[in-house]
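Peer 1: Chain by chain, the residues run as shown.
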Amino acid sequence: MTSAQAARKGIRPALPLLAPAYLWLTVAIFLPLSAMAFFSFMTDLPMAGREWSLTLKNYAAFFSTSLYLTLLWSSLRLGLEVTAWCLVIGFPAAYVLAKVLKGRAREAIFLLVILPFWSNGLVRIFSWAMVLREGGILDTALNAVLPFTVSIDLMYSYPAVIIGLVHSYVPYMVLTCYLTLQAIDDSLIEAARSLGASRRQVLRRLILPLAMPGIVAGAVLIFVPVVGSFMEPRILGGRTGTFYGTVIEDQFVAVFNWPLGAALSFILLAVVLLILAASAPILRRAQQ
Amino acid sequence: MKRSTRLLTVTALLASALTVSASAAELHVLNWKGYGADEPWAIEAFEKATGHKVVNDFFNSEQEMLTKLRTNPGLYDVVMINAAFTGQAIDENLIQPIDTSKIPNAADISAEKAQSPMLNRDGKTFGVPWVWGLTALAINDKSFDTPPTSISVMWDEARKGRVIIRDDAVEAIQFGAIASGQNINDIKDMEAVKAKLTSLMPQIRTFWSSENDWNQMVASNQIDVGTYWSGSADRAKTQFKLPVSLVIPEEGAVAWLDAFSVPVGSDNVEGAEAFINYMIDPEFYVEWVTKVGAPVSANDKALAALPEDSFNRAVMGSPEVAKRIQFQAPITDEQRESYLAVWQELKVNVK
Chain A
4 MTSAQAARKG
14 IRPALPLLAP
24 AYLWLTVAIF
34 LPLSAMAFFS
44 FMTDLPMAGR
54 EWSLTLKNYA
64 AFFSTSLYLT
74 LLWSSLRLGL
84 EVTAWCLVIG
94 FPAAYVLAKV
104 LKGRAREAIF
114 LLVILPFWSN
124 GLVRIFSWAM
134 VLREGGILDT
144 ALNAVLPFTV
154 SIDLMYSYPA
164 VIIGLVHSYV
174 PYMVLTCYLT
184 LQAIDDSLIE
194 AARSLGASRR
204 QVLRRLILPL
214 AMPGIVAGAV
224 LIFVPVVGSF
234 MEPRILGGRT
244 GTFYGTVIED
254 QFVAVFNWPL
264 GAALSFILLA
274 VVLLILAASA
284 PILRRAQQ
Chain B
393 MKRSTRLLTV
403 TALLASALTV
413 SASAAELHVL
423 NWKGYGADEP
433 WAIEAFEKAT
443 GHKVVNDFFN
453 SEQEMLTKLR
463 TNPGLYDVVM
473 INAAFTGQAI
483 DENLIQPIDT
493 SKIPNAADIS
503 AEKAQSPMLN
513 RDGKTFGVPW
523 VWGLTALAIN
533 DKSFDTPPTS
543 ISVMWDEARK
553 GRVIIRDDAV
563 EAIQFGAIAS
573 GQNINDIKDM
583 EAVKAKLTSL
593 MPQIRTFWSS
603 ENDWNQMVAS
613 NQIDVGTYWS
623 GSADRAKTQF
633 KLPVSLVIPE
643 EGAVAWLDAF
653 SVPVGSDNVE
663 GAEAFINYMI
673 DPEFYVEWVT
683 KVGAPVSAND
693 KALAALPEDS
703 FNRAVMGSPE
713 VAKRIQFQAP
723 ITDEQRESYL
733 AVWQELKVNV
743 K
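Here the protein sequences line up with chains A and B, keeping their order.
The first sequence begins at 4 in my numbering and counts up by one.
The second sequence begins at 393 in my numbering and counts up by one.
Keep in mind that the hints were calculated from the coordinates and are not lab data.
Quick reminder that beta carbons are idealized off the backbone N, C-alpha and C, glycines included.
Among the hints, a few may not be true.
What the hints assert, rightly or not - Each computed EDC-like pair below joins lysine to aspartate or glutamate, with the alpha-carbon atoms no more than 20 angstroms apart:
#1 B:534 to A:137
#2 B:693 to B:504
#3 B:460 to A:47
#4 B:552 to A:47
#5 B:552 to A:156
#6 B:460 to A:252
#7 A:60 to B:725
#8 B:629 to B:504
What the hints assert, rightly or not - Output of the computed footprint for chain A on chain B, the stretches with three or more beta carbons under 8 angstroms from beta carbons of chain A:
#9 503 to 515
#10 584 to 591
#11 606 to 614
Please build the complete structure, drawing on both the sequences and the hints.
Peer 2: The structure is reproduced here in structure tokens:
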């Protein structure tokens, strides 16, 4: 039997298993996305007898003012900051889960990490609103404990947006890091220690490189949606909550300029893909 | 090109098929949330009297309302439209002419509003005036010993971080026009408006988009003053018992007229006429004002049914106020886009 025959034999029985997923992807993602790509080149939507033609002006609009570039830059910065905080908070948690806790305790902590996933995003944001505002839960609690009065009013500020987003996305980092950390053989760490490596050296030369695929996967999973996020900035950010994502939302919901909204979305997609492509070699080197 | 048109047609057909399958006696109403048409007691009374079942849907901005009409043809039977936007809805063939002879209460609407060129075209009526009101200022009573009289309170250093305005380009620009002493429908000096709004930005705590946002900010004592709609301020006081008072600044305020229209493709026009008739009825209006709080009715008889010293009759109806207010005229798409550009720029530069 040649290998080609083997391959064909391998794929035919698999077809019924693959078909639903690919059919779903085609219908649910490819069609709407290509419709959106098409909209982004139109002057207007072909609705209610509106005149329309093909144009590049929606893409030109991005470059015509510094507005969108400024916004894109602040959204990318937001994405980087949130990813960094998720790493700082998520990695140690994942390490403890994978290497320190065992049995019941691990299950319990795991549940706590996953919990934010099970609550509705809007509910999470409004809960933060109650906690962060002046006279809110955090403010009241701190003043009840501390001997002096502090005024905590983080609501409607950039830190509030960061807090809300980090809370929403940190589970991704914990989960991806946990998976790679768990795969590290304990005897490797023991061997390194017995050969005289300090704890810091073990972390830097052994654990971090081996966990890198998980860190990278988590970072990508967090960075991409955060750059386009609009709900958290709008509700928690107040007057500082204008980002690239909120402007896209405005185009779709507030001014009904779908073509411009679609064009802005595809520019964002292109920029994110470029960033990922540019960082791929660096990340690959880091993994070696 | 053909493919996308076909796709849209199929979607539209599907949407209308879904609508047809719904009971014919259902009446889909599109309006702001908490704005009269969704009062439980009113719906109950209307359903009992006519047998039509009311299904409410809501929007958070005029653009969202137009979007909903465009993307759901045939779904809605009654839509509440700010008269400044009625012309656009007519142009886009979103609403149909109304036979006012089938709406008995329409005869009592003040002539100047009923015959407004914004609502009538080619001798046909496209909108039945319901209420009118102001976009003025409202204050948190707890923060003021004596209510302010000037719009400049928004720029008062002492109020820094305790001011709120609506996240709406047109409303913001028109507010800036009033603050810089200009005609809202003919803004000559946009730079002055920009300068005014730029200096306002550091004062602002956040932007509001729905009544609920505003009321919550006052309930948690986070703001002192902000732009607000007259009917909403009345509602905050009457229904929600919040310390809110309306201030009509001496510099003036933006006035708007809200009207009911019937979307093209409505399958329950008869129900729509009955609903509009009920909404402009004096009995409903008086109950709405006393129980909940409302803007000023366009129906003279409804207004006359209020007590003589009521705010909507005494203050809003006074000639002294009439001199200060400027009614909103329709805005072209170009104007709206340029307003949005200015507003977005202001919001981005705040960082």
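Peer 1: Checking against the hints above, which ones are violated?
Peer 2: 4, 8, 9, 10
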